[in-house]
Structure formats: structure tokens, C-alpha cells
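In this note's numbering, the protein residues as written are 10 to 242.
Hints in this document: simulated from the structure, not taken from any laboratory. Certain hints may be false.
Derived pair list, reagent style DSS-like, types lysine-lysine, alpha-carbon separation capped at 25 Å [stated by the list, open to error]: (1) LYS92 - LYS75; (2) LYS86 - LYS112; (3) LYS112 - LYS75; (4) LYS112 - LYS92.
Label-pair distances were calculated between CB atoms; the ranges are [unchecked claim]: (5) GLU222 - PRO58: 38 to 48 Å; (6) LYS150 - GLU90: 38 to 48 Å; (7) LEU241 - THR136: 31 to 41 Å.
Backbone N, C-alpha and C fix where the C-beta goes; we use that ideal spot for every residue, glycine too.
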Amino acid sequence: MAGIRNIVILTGAGVSAESGIDTFRSEGGLWEQHRVEDVATPEAFARDPDLVLRFYDMRRAAIQTKQPNAAHLALAKLDREWKGDLLIVTQNVDDLHERAGAKRVLHMHGEHLSVWCTACDARSRWTGPLIDRPACPECGKTALRPDIVWFGETPYEMDAIYAALEQADLFVSIGTSGAVYPAAGLVREARQAGIATLELNLEPSQGTRWFDEARHGPATEVVPAWVEEVLLR
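Given these sequences and hints, build the entire structure.
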């Protein structure tokens with residue numbers, strides 16, 4: 010780890026799994042008994058908005074009952090103590106990084122505790138249901154939708170992510186499947202730029218071969234161990 014000053018970290022569902030938040034898709038291609046095509050696309054929302062809103066209302070309520078685990082807490086400690094640049098790019102739509110205390114976090118796929126008004130383009134913090142079509146806190150219109158990047162939509166802040174990666178000395182992927190793009194392509198961007206790369210994951214991902222080093226095991230074990238190693242270097 011000598012010479013490492015700036016770090017970009019990508020986190021995925023594996024970071025939150027040990028907090029009781031289900032990973033995105035099961036082996037059967039279902040997400041909590043729903044086809045992704047029925048709840049996570051703009052077309053699904055246009056076709057059956059009640060189904061989509063109920064689904065996200067349940068998810069929004071559920072994540073508020075979960076707690077950060079040792080992996081979230083370790084990354085928050087790194088955020089507090091690391092003197093160089095650090096960006097935690099998360100694919101997760103929960104708020105467990107923030108509740109653990111991390112500040113330098115970017116949600117590329119949106120957030121459950123946020124709503125987007127398609128009438129005025131405002132985004133507002135939101136903890137309650139949407140099924141009853143509440144009014145936008147900013148403009149008063151009933152045009153709120155989950156502030157989630159669905160399939161077919163462009164992830165948030167990609168320019169900022171690529172800019173941070175250009176300045177990084179180390180790219181770390183934690184708890185990701187290596188299957189969802191463009192996040193899965195960040196390791197190749199890092200390698201092409203000559204940046205050191207490390208995977209921390211429960212098991213080898215679809216992109217493990219692209220990393221300089223891979224360490225496998227539960228996030229609550231491998232992430233705190235790595236953070237302590239980095240901070241003690």
C-alpha cells in the first residue's frame with residue numbers, strides 16, 4: 010500500500026447483506042418475488058405504478074429497521090481518518106454508509122430515502138409511503154417517484170466518478186457481483202489508467218480476473234481487516 014494517497018471504493022449489495030438487506034437478485038432471477046422487469050424499469054412504472062410504488066414503499070420501510078454492520082463502520086472509520094482523497098461510490102440504495110458515519114459517499118443508483126419530482130425535478134428526503142400520491146414538498150404537484158436509477162436509466166454522477174478515478178492511486182471493489190454496468194466496468198478503467206486494484210468479496214465475482222489482488226470472505230471480516238491494514242501502513 011506504499012504510495013497510496015487517493016482511493017476510490019465501489020460498494021455493492023454484499024456490504025449490506027450482513028445487515029439483513031437482500032442482495033439485488035436471487036438465483037431464480039427474482040427480486041423479493043418480483044421480476045425485475047415488473048418493478049425496476051420506467052416501463053414498469055408507466056404500466057403499473059401502484060405495484061412499483063408499493064414495492065418501493067416496503068423496501069423504504071424495511072431499510073429503516075436495519076443497522077450498519079462492521080463493514081460499514083470500518084469504511085466510516087477510513088473516511089474519518091484517511092488524509093488523502095477518498096470517495097465511496099455505492100450501488101446500494103440504503104443509507105447504511107451514512108448512518109455508520111461516512112461522509113464522502115456517492116449513490117450512483119439513487120436512494121430509498123429520497124424522492125424525485127418529475128414535474129419540477131426536485132429531490133427531497135422521504136421516509137414515508139408514496140402509494141397515496143403525496144404532493145411534492147417543493148412544487149405541490151403529485152408527480153413523485155422513487156429516486157432510484159432503474160434499468161434503462163443512466164446512473165447518477167458518472168462524470169464525478171470518472172474524475173475521482175483519474176486521480177486515484179487505488180480502486181477497491183467491495184461486495185459487488187461484477188455483473189451490473191457501468192459499475193462493473195470501473196475496474197477495467199482503473200487498470201487502463203495504471204491504478205492498483207483490489208477486490209474484497211464473499212466469493213470471486215464475475216470480474217475477479219481484472220483485479221491485481223482479491224481477498225474473499227464475509228464483508229464484516231475482510232473489510233475491517235483491510236481498513237486497519239491501510240490505516241496502519
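To see whether the hints hold, each was checked on the structure:
no.: 1; hint: LYS92 - LYS75; result: violated, 30 Å
no.: 2; hint: LYS86 - LYS112; result: holds, 10 Å
no.: 3; hint: LYS112 - LYS75; result: holds, 19 Å
no.: 4; hint: LYS112 - LYS92; result: holds, 14 Å
no.: 5; hint: GLU222 - PRO58: 38 to 48 Å; result: holds, 45 Å
no.: 6; hint: LYS150 - GLU90: 38 to 48 Å; result: holds, 44 Å
no.: 7; hint: LEU241 - THR136: 31 to 41 Å; result: holds, 38 Å
When each numbered hint is compared with the structure, a violation occurs for hint 1 only.
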